[in-house]
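Q: Please model the complete structure; the sequences and the hints are all you need to start from.
In the order they appear, the protein sequences are chains A and B. Heads up: the first sequence is residues 67 to 545, going by our numbering. Heads up: the second sequence is residues 3 to 374, going by our numbering.
It should be emphasised that the hints constitute simulated quantities derived from the structure, not laboratory data. Computed from a prediction, not measured in an experiment: that's the story for all the values here. Note that beta-carbon positions come from the ideal geometry of N, C-alpha and C, so glycine has one too. Certain hints may be false.
The calculated DMTMM-like cross-link candidates involving lysine to aspartate or glutamate, where the alpha carbons are at most 20 Å apart (straight line), are [to be verified]:
hint: 1; chain 1: A; residue 1: K233; chain 2: B; residue 2: E207
hint: 2; chain 1: B; residue 1: K363; chain 2: A; residue 2: E508
hint: 3; chain 1: B; residue 1: K139; chain 2: A; residue 2: E107
Derived coverage of chain B by chain A (criterion: at least 3 residues anywhere in the stretch with Cβ under 8 Å from a Cβ of chain A; other residues may be distant) [unchecked claim]:
hint: 4; segment: 113 to 124
hint: 5; segment: 278 to 284
Below, each chain spelled out in residue letters.
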Amino acid sequence: MQMPQPNPVILAKKARLVERLTAALGKGGVIAEEIALKAYECDALTAYRCPPMLALLPRTTEEVAAALKICHEMDVPVVPRGSGTSLAGGAMPTADSVILGVSRMAAVLETDFASRVIRVQTGRTNLSVTGAVEGEGFFYAPDPSSQLACAIAGNIAMNSGGAHCLKYGVTTNNLMGVTMVMMDGEIVEIGGAHLDAGGLDLLGLICGSEGQLGVVTEATLRILHKPEGARPVLIGFDSNEVAGACVSDIIKAGILPVAIEFMDRMLIGVCEDYAHAGYPDCEALLIVEVEGSEAEIEHQLGLIHEIAKRHNPVEFRKATSADEAGRIWAGRKAAFSAIGKISDYMCLDGTIPVSQLPYVLKRIGEMSQHYGLAVGNVFHAGDGNMHPLILYDANKPGDLEICEAFGAEVLKLCVEVGGCLTGEHGVGIEKRDLMVDQFGPEDLDMQMAVKDVFDPKWLLNPAKVFPLASSEARRIAAE
Amino acid sequence: MIFTPKTEAELAEIVAGLSAPVRLQGGGTRAVGHSVAQDVLDMSGIRGVVDYEPGALTLVAKAGTPVAEIEALLATEKQRLSFEPMDHRVLLGTQGTPTIGGVVAANVSGPRRISVGACRDFALGVRFVDGMGRAVKNGGRVMKNVTGYDLVKLMAGSWGTLGAMSEVSLKVMPCPETEATLAVSVTDAAAAIGAMSAALGSAYEVTGAAQNGPVYVRIEGFAPSVAYRLDALEALLARFGAVERLDAEASGALWQGLRDVRAFAASAFVTRVSLRPTDMPAFLAAARAGHSFEAQLDWGGGLAWLASDKESLADFAQSYCTAHGGHATRIKGSFEACAFQPEAAGVARLSRGLRQRFDPKGLFNPELMARG
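A: Structure (structure tokens):
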């Protein structure tokens, strides 16, 4: 992965920078020792590492503003960081950058159940937002798999999704307002506890901008009352095509399950060995979850059963108790751990139109043969978001490169069939150079024009999202 | 002069050759605000559904496609535009055919916005021509997509001031089997908000909470589910006042009227105010101190439609929102003042910067959303 050469002029400013930032944040807010900086050298894309020049841990929006103002004045790049769980390298530093972590800002600022909103500092973890409101029966809907650890700041930066977004939407659909610090230290308020924008929808633009437009320090989030209950059903099929057709028929019938998860034969086997969930021996497995009262759940599962029967499932297993529900989910939820136990793997995140599922799975199988690497597929089937897991051996020279070439070809296929490179993980550095496969020069230019407006010096989260060649002219002009 | 492109290529050519501002128009049914442009860019010729995949809940249509054409197509698969776009014709007294491009450009969302999201939440992709005449695409036609910056949200609700949209992709949803509504007699705004908050804060998936006289609470879904939830909600809401039930037919007609704000069709001045629901009673009380008006609440009390015979109410609403948060838009009036909520300095600078980048020559109805 190519990164820009560290700028010696910036590196030479380190002592002065430490002095100024320490004056602004206090000694405890600035990390400058080499050994301590190792903690910030990568995020969850661990294949790529680079310690930053410094790391900052401010406690307030005002401290964030003071720190950014200093970095702006001294032309020092800044990499915002939530909990560092990005799978795309979104929080990976460059050697001449400063990490700005919001992890010490985790307070709940306000809850308003009558208006169904909560306001938090963005270092708060996703799951603890729900933790703050579940006593009243409420929850925060977006549920990325990393929700125990990931911060709202990163959720906003990447517009994170989750297994339940078929019904509840992703972060952008649940974010109502932000306090954001611009690179020059100005604090702006966008949106709030009311709905929609009075002018241009800047909130929609900020969400998913991968920390390149500003540092979001506070967020107003929509909260919802929990459903009365939820229950999954497991349906096994003897081909991917039939499973795909069943998903389509469920959706067309007007049932809107809260989740439809798909697993292929390889993952069914791996997950069964790992979690002993009692999965059937078959080609494709669907887990469909519905919500409501007991009677409503029964009604919906009855309709799903009718539809599934038309596709001759090899198994249809309705959870009749919390224990059975837990077992149905156990295998799926352990998918990444189960794969991780048997091999190193790379997780892709392309999205495709649901109708293309059988074709894309067939092509991935062919590529697997060609590259000589095994692949398993889990899939948020209702919304077309795929997660092919490619197995490789990190200790075998050249295997990672083969895996990356395989991954790139899969993502290009996603684009080719009408989908996109990333459904919920973000571009980061991982998919940066593939952006030209999805977007033309004008498309990228328009996006980069947005960055010009928010961050004219191009200091925020450098070398991410846009191919270096595409952004080169702007980065040079900004220097 | 009226420009009438039939394709995106023609549109790009026309924009590249423009020397004076134009007002973008779909069906011309949402004439909100004052335009400095003498010329019109009529988008209604760029029309037709490009792709519809019912099993994936996605639809792609050219911007000038009539909303009615899309709704009819979706109905054949028992699907719909779930964000329930308002038809402005009755309220504004306009003629013409509403287009999907107009809906997205104005981020038009109806009562169901409170439960499922706004038009912008269903907008998956867009193609547009920028102020330099370049065709640009963003987003796509899949439900989950975080590839690059989300210009789709930015274009939705930009009222044709950033670019000329030629094509939009939308997420569509299944039509429910049936619906019903509870009407709750309440005494004042605070009780109305209380009843709506109680309904929306329950587990019963309310898909509409509005007030015009009584509070109305809508439930949609499978028949057994609607029956069950009606009982549960009736029990929950009884403490706010007498509760009546409306069946599917009456419910459908009621919400169409609320959606289109038909009650205020005869009013000369109509203002639309978005606030935190719990702030709404205080705002209404403050407004009543100096103004005479009628109000229809929607979105659980987060949205107020105000009808008056004087412009000064809109001035008051915008000043109030500047001080307390939220925003007010003049939907019907003289438009001597800017129709849109003035933005705080920092936000206004960003909006201005974006306009300069998307439309450096100031061709797309400049000053519609912000003057000066």
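Q: Each hint: holds or not?
A: So, going through the hints one by one against the coordinates:
| no. | hint | in the structure |
| --- | --- | --- |
| 1 | K233/A x E207/B | holds (12 Å) |
| 2 | K363/B x E508/A | holds (17 Å) |
| 3 | K139/B x E107/A | violated (35 Å) |
| 4 | 113 to 124 | holds (count 6) |
| 5 | 278 to 284 | holds (count 4) |
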